[in-house]
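**Q** Since the structure of chain A is already known, use the hints to place chain B on it.
Going line by line, the protein sequences match chains A and B. The first sequence: position 223 = 223 (the numbering used here), numbered continuously. The second sequence: position 36 = 36 (the numbering used here), numbered continuously.
Hints should not be assumed to be uniformly reliable.
What the hints assert, rightly or not - In silico lysine-lysine, DSS-like type, Cα no more than 25 Å apart, as pairs:
#: 1; chain 1: A; residue 1: Lys234; chain 2: A; residue 2: Lys113
#: 2; chain 1: A; residue 1: Lys406; chain 2: B; residue 2: Lys25
#: 3; chain 1: A; residue 1: Lys111; chain 2: A; residue 2: Lys60
#: 4; chain 1: B; residue 1: Lys28; chain 2: A; residue 2: Lys406
#: 5; chain 1: B; residue 1: Lys25; chain 2: A; residue 2: Lys387
What the hints assert, rightly or not - Sample of chain B residues lacking proximity to chain A, with all beta carbon distances greater than 12 Å (derived):
#: 6; residue: Ala69
#: 7; residue: Glu85
#: 8; residue: Gly86
#: 9; residue: His97
Hints were generated in silico from the structure; no laboratory data involved. Even for Gly, the Cβ is constructed at its ideal location relative to N, Cα and C.
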Amino acid sequence: MAKLNELTIEEAARALRARECTVRELWDACSKAIEEKNPELNAYLEVFAADDAAIAAAQKRIDSEGENAPLLCGIPLAIKDNILIEGKIASAASKMLENYRATYDATVISKLKAQGALFLGRTNMDEFAMGSSTEHSAYGKTLNPIDTSRVPGGSSGGSAAAVAAHLAFAALGSDTGGSIRQPAALTGIVGLKPTYGAVSRSGLIAMGSSLDQIGPLAKSVEDARILYEAIRGKDVLDATTIPDGLYEARELPQSLRIGVPRHLLMEGVSADVLAAFEATLAKLTEAGHTLIDIELPTSAHALAAYYIIMPAEVSTNLARLDGIRYGHTARGETLLDDYIDSRTEGFGEETRRRVLLGTFVLSSGYIDAYYRKADAARVVLRREYDKAFESCDVIAFPTTLSPAFKFGEKSDPLSMYLEDIFTVTANLTGMPAISIPMGTVNRDGTALPVGIHFTAPHQAEQVLFAAGSAVQEAQ
Amino acid sequence: MATTEEVKKLAALARIRVADAELEKFTKEFDAILAYVETVSAVEIPQGEALREGRELRNIMRPDGEPHAPGAHTEKLAEQFSAREGDALSVKQIIQHG
Numbered sequence: 001m002a003k004l005n006e007l008t009i010e011e012a013a014r015a016l017r018a019r020e021c022t023v024r025e026l027w028d029a030c031s032k033a034i035e036e037k038n039p040e041l042n043a044y045l046e047v048f049a050a051d052d053a054a055i056a057a058a059q060k061r062i063d064s065e066g067e068n069a070p071l072l073c074g075i076p077l078a079i080k081d082n083i084l085i086e087g088k089i090a091s092a093a094s095k096m097l098e099n100y101r102a103t104y105d106a107t108v109i110s111k112l113k114a115q116g117a118l119f120l121g122r123t124n125m126d127e128f129a130m131g132s133s134t135e136h137s138a139y140g141k142t143l144n145p146i147d148t149s150r151v152p153g154g155s156s157g158g159s160a161a162a163v164a165a166h167l168a169f170a171a172l173g174s175d176t177g178g179s180i181r182q183p184a185a186l187t188g189i190v191g192l193k194p195t196y197g198a199v200s201r202s203g204l205i206a207m208g209s210s211l212d213q214i215g216p217l218a219k220s221v222e223d224a225r226i227l228y229e230a231i232r233g234k235d236v237l238d239a240t241t242i243p244d245g246l247y248e249a250r251e252l253p254q255s256l257r258i259g260v261p262r263h264l265l266m267e268g269v270s271a272d273v274l275a276a277f278e279a280t281l282a283k284l285t286e287a288g289h290t291l292i293d294i295e296l297p298t299s300a301h302a303l304a305a306y307y308i309i310m311p312a313e314v315s316t317n318l319a320r321l322d323g324i325r326y327g328h329t330a331r332g333e334t335l336l337d338d339y340i341d342s343r344t345e346g347f348g349e350e351t352r353r354r355v356l357l358g359t360f361v362l363s364s365g366y367i368d369a370y371y372r373k374a375d376a377a378r379v380v381l382r383r384e385y386d387k388a389f390e391s392c393d394v395i396a397f398p399t400t401l402s403p404a405f406k407f408g409e410k411s412d413p414l415s416m417y418l419e420d421i422f423t424v425t426a427n428l429t430g431m432p433a434i435s436i437p438m439g440t441v442n443r444d445g446t447a448l449p450v451g452i453h454f455t456a457p458h459q460a461e462q463v464l465f466a467a468g469s470a471v472q473e474a475q
Numbered sequence: 001m002a003t004t005e006e007v008k009k010l011a012a013l014a015r016i017r018v019a020d021a022e023l024e025k026f027t028k029e030f031d032a033i034l035a036y037v038e039t040v041s042a043v044e045i046p047q048g049e050a051l052r053e054g055r056e057l058r059n060i061m062r063p064d065g066e067p068h069a070p071g072a073h074t075e076k077l078a079e080q081f082s083a084r085e086g087d088a089l090s091v092k093q094i095i096q097h098g
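Here chain A stands alone, though its shape is the one from the complex (with noise of 0.2 Å):
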């Protein structure tokens, strides 16, 4: 048998059941390889001591119910520094909440806690979730497990590392413009974006509230599958969430049809990287699935129209820290001083910069030629995506231009927002999308992993599992 902590949660829990292994012992194999490798990844922020109660009393579940104790029950998982754990700091990654302890759980994780999962930390991102390499974290970047000379991606790297890295069975992540799908990509998992109101927010640090959603970051299809359904579901306390069946249920097809947009692949995309997509396409046609042109004209826009709503919404979002009630605190003078100190020296740079753009886009003798219009450009790309989906089940192209980069290589903020351009599509349509391992490039000697990424229709989570299984299995 392999390395305990080197199992997926599907063969973890198999294990548990099967009496070949205890929860102290998945718990344990986790924290010795977090005590080896995480003082050089830094994937973790913080590593929580074992709750031996927990751990006790998911031993007794599945000691008791056997085959109906829920498959996460004694799996120990990582959380992804924006999500509230009662009594835990949840900092965002940031100077402005080094000290923040939550009051009250995330919604997933009271789920996950329902489930008998346990926590073994709380990882690295971008400060705020602003980035696609940690690099913009307040505690130092997170080396990737693959090569340690490259960035995870972002902003969700530090859980990406850590599961990338056997440091984690699975994770937690956030995904405002491919924060969870990039990370994956860039470290060789299955990294999954829900539907918009699929999973609930409550408890999740906001950045860009009509983008932001809650998902799994994991070492198969299976495993995504499986946290996602853990997490899913209405919530009185998030609003924003969706009743089963709102959207038209898609049919689960024997073959899928799979659109693929090969207009926006002309350039940009590394050929190495278009080479493994390519091929993977002709795996899964060899397999019976079948391939459709299509065309979404829009989505050369999508970024733009992105980067515009985000930064509206994060200035939104983050003018609540203003070191009055919680958080980083100075004092000046005046009370202004008081509020413009504290958030100058609790915010990053790059937070400080997308709040500027945010105020800009949103003022008033702007608003109409920025952020109207990208809101209007918004839904002429999902009606395009909706009629996409009217001759295809999936569509996919490569998650990400190309692999994993060198730290320092993307200093210019424009260089790093193009890191988005295929996965922000998913957040501005609302629609789910996931990033499968799609092989390995060669760079400077070292095979890195690249991701093909799939979208489905709103709710049609299922038919993403299904594309990705099919991948996999034609690997």
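**A** For chain B alone, kept in the frame of chain A given last:
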């Protein structure tokens, strides 16, 4: 073209400060980002009905119900205050009496 004065003004509106040493860099980057996001103006926007959102539920209100007991969370929240007097948050005096 954004000017350093404009960036300073935005910073004031956003209740943050951009140090003079950073101002030029911020302004330059701001210009590059704006030049990029402005390309959204190329999207043709249909008028009227076509722009209406679909049948998605938006801003659905729920009835109030089952309020928690008064004071149930007071202590936990007050623990986060940087300065407190009893259960109250202590801040600077805002209105001066002549």
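**Q** Does each hint fit the structure? Answer for all of them.
**A** Do the hints match the structure? See the list:
{"no.": "1", "hint": "A:Lys234 <-> A:Lys113", "result": "holds, 17 Å"}
{"no.": "2", "hint": "A:Lys406 <-> B:Lys25", "result": "holds, 23 Å"}
{"no.": "3", "hint": "A:Lys111 <-> A:Lys60", "result": "holds, 19 Å"}
{"no.": "4", "hint": "B:Lys28 <-> A:Lys406", "result": "holds, 24 Å"}
{"no.": "5", "hint": "B:Lys25 <-> A:Lys387", "result": "violated, 43 Å"}
{"no.": "6", "hint": "Ala69", "result": "holds, 15 Å"}
{"no.": "7", "hint": "Glu85", "result": "holds, 14 Å"}
{"no.": "8", "hint": "Gly86", "result": "holds, 16 Å"}
{"no.": "9", "hint": "His97", "result": "holds, 16 Å"}
Of the numbered hints given earlier, the model fails hint 5 alone.
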